[in-house]
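Model the full assembly from the supplied sequences, consistent with the hints where possible.
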Amino acid sequence: MSRIVIVGGSLGGLRAAEALLAKGWEGGIVVISAERHPPYTRPPLSKGLLAAAPDIAAVELRRRPETDAVDWRFGVSAVHADLEARRLTLSDRSVIAYDGIVAATGVRPRRLPERVTRNGFTVRTLDDCTALRPSLSQGTRLAIVGAGFIGCEIAATASALGCGVDVIALDRAPMVMPLGEVVGAAVQRRHEARGVKFHLGRSVRTVDSSASGHILSLDDGSRVECDVFVEAIGSQPCVEWLEGNGLDLTDGVECDNSMRMGGRSGAVAVGDVARFPNPLFDDVPRRVEHWQMATETAARAAATLLADLSGTPAETKPFRPLPWFWSDQFETKLQSFGSPALGERAEVLEGDLAGEAAIGYHRGKQLVGVVLLGMPKAAPRLRREILDSLSLEPA
Amino acid sequence: MIISVDLDVCQNYGQCVFAAPEVFDLDDNAELVYQAEAPDSSRGEIEAAVTACPVQAIRIVG
Chain Z
1 MSRIVIVGGS
11 LGGLRAAEAL
21 LAKGWEGGIV
31 VISAERHPPY
41 TRPPLSKGLL
51 AAAPDIAAVE
61 LRRRPETDAV
71 DWRFGVSAVH
81 ADLEARRLTL
91 SDRSVIAYDG
101 IVAATGVRPR
111 RLPERVTRNG
121 FTVRTLDDCT
131 ALRPSLSQGT
141 RLAIVGAGFI
151 GCEIAATASA
161 LGCGVDVIAL
171 DRAPMVMPLG
181 EVVGAAVQRR
191 HEARGVKFHL
201 GRSVRTVDSS
211 ASGHILSLDD
221 GSRVECDVFV
231 EAIGSQPCVE
241 WLEGNGLDLT
251 DGVECDNSMR
261 MGGRSGAVAV
271 GDVARFPNPL
281 FDDVPRRVEH
291 WQMATETAAR
301 AAATLLADLS
311 GTPAETKPFR
321 PLPWFWSDQF
331 ETKLQSFGSP
341 ALGERAEVLE
351 GDLAGEAAIG
361 YHRGKQLVGV
371 VLLGMPKAAP
381 RLRREILDSL
391 SLEPA
Chain S
1 MIISVDLDVC
11 QNYGQCVFAA
21 PEVFDLDDNA
31 ELVYQAEAPD
41 SSRGEIEAAV
51 TACPVQAIRI
61 VG
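So the protein sequences, as listed, match chains Z and S.
Numbering of the first sequence is given in the numbering used here, commencing with residue 1 and proceeding in unit increments.
Numbering of the second sequence is given in the numbering used here, commencing with residue 1 and proceeding in unit increments.
One or more hints might be untrue.
Said to hold, decoys possible - Derived coverage of chain Z by chain S (criterion: at least 3 residues anywhere in the stretch with Cβ under 8 Å from a Cβ of chain S; other residues may be distant):
id : segment
1  : 119-133
2  : 322-335
3  : 375-383
To be clear, the hints were calculated from the coordinates, so they are not data collected in a lab.
Since this is a predicted model, take the numbers as computed values, not measurements.
Using N, Cα and C, we set each Cβ at its ideal position, and we do this for glycine too.
As structure tokens, this is what we get:
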């Protein structure tokens with residue numbers, strides 16, 4: 001029987017399996033998952049789940065009944081794929097021969113250098129969340145290195161639990177890459193109003209750890225004392241197992257618009273690990289670490305893979321998904337549509353930054369992204385405006 | 001087909017509205033409203049709405 005192997009058993013891997021089955025794949029499917037848990041949803045790990053008690057039952061993804069036939073292999077990871085020979089070597093030294101392959105290995109947290117410290121927590125997996133949770137209680141002094149979305153969500157969650165929170169980051173404003181400085185600063189003020197302290201433009205030089213806690217020495221000579229600290233300084237795509245195949249792995253695996261890795265037949269990638277061009281914006285391949293994009297790329301990748309394996313032409317319609325993500329920080333519900341990071345200028349379209357607001361991001365005449373602070377009612381209309389603008393206005 | 005949404009879980013993010021606009025909508029208060037019964041011809045869109053929901057609030061129950 002022919003076989004598709006999916007490397008990665010999180011959202012992207014699950015959605016790829018579901019899409020393959022929904023599109024009529026009748027061969028076998030094997031899913032290789034480095035984690036010991038069934039597929040679960042990660043966004044709550046830095047939000048509600050961290051505030052409550054971490055529990056797989058609260059985050060496990062519902063799986064369509066058809067996926068019962070999938071051969072799930074948990075607690076084992078891919079060591080090397082030979083795309084030419086179509087053979088995958090696993091960490092238990094077994095080798096799987098396959099016909100088609102889906103890369104869904106996602107990302108792992110970037111870490112502070114080991115010479116600086118090995119004592120920080122990260123929040124990427126359920127086990128990470130379970131390990132950190134007991135340390136957070138009323139009066140805990142928590143330091144967070146990094147002011148991206150994960151860092152800011154953990155700051156808000158821990159602050160609401162009664163922790164004293166310091167955030168240290170190189171950036172000028174929290175979430176500056178995806179939101180820009182003006183909106184980042186507006187969200188920063190909301191955090192500061194709840195007692196979160198920011199140390200921006202600063203990096204951690206050394207960490208002195210003892211039984212009484214940690215002292216983080218920053219590059220301006222200041223010190224942050226804490227009981228526990230979290231490293232939230234971004235992520236690294238898990239691509240080592242794809243080395244030796246002549247693929248471009250500089251930032252995730254480069255894919256074509258059909259999600260084929262390096263344009264190879266029978267080999268596709270989905271989710272956080274895939275760097276692909278989105279003609280909605282331009283022809284530059286980019287990774288998109290959004291929850292929703294795992295599902296969208298999985299659907300496209302599954303269609304491509306089935307076409308390749310059956311020797312029929314792949315879908316010719318361009319794959320142009322509109323990125324979307326959300327974040328909850330204190331009472332602020334933030335949503336982002338499109339790619340605000342591609343904007344050259346940001347302007348408040350509606351509302352005001354101290355309350356509810358819609359912020360538009362323009363590249364030339366194009367509206368490339370919208371961020372909503374609250375204002376859920378405006379979402380369908382502004383989403384439509386982005387799509388119209390990107391179709392009508394030249395780049 | 002019969003659709004059920006757990007409104008205690010729903011965060012009104014509206015992803016289902018984009019996936020299946022004939023079944024799901026946001027009302028004037030930006031809160032979800034939906035048709036509990038839909039024709040089988042909408043199954044594809046409704047399944048897309050189920051997978052698009054970031055909080056798994058939607059179920060096809062019959």
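Violations among the numbered hints, reported as their numbers in ascending order: 1
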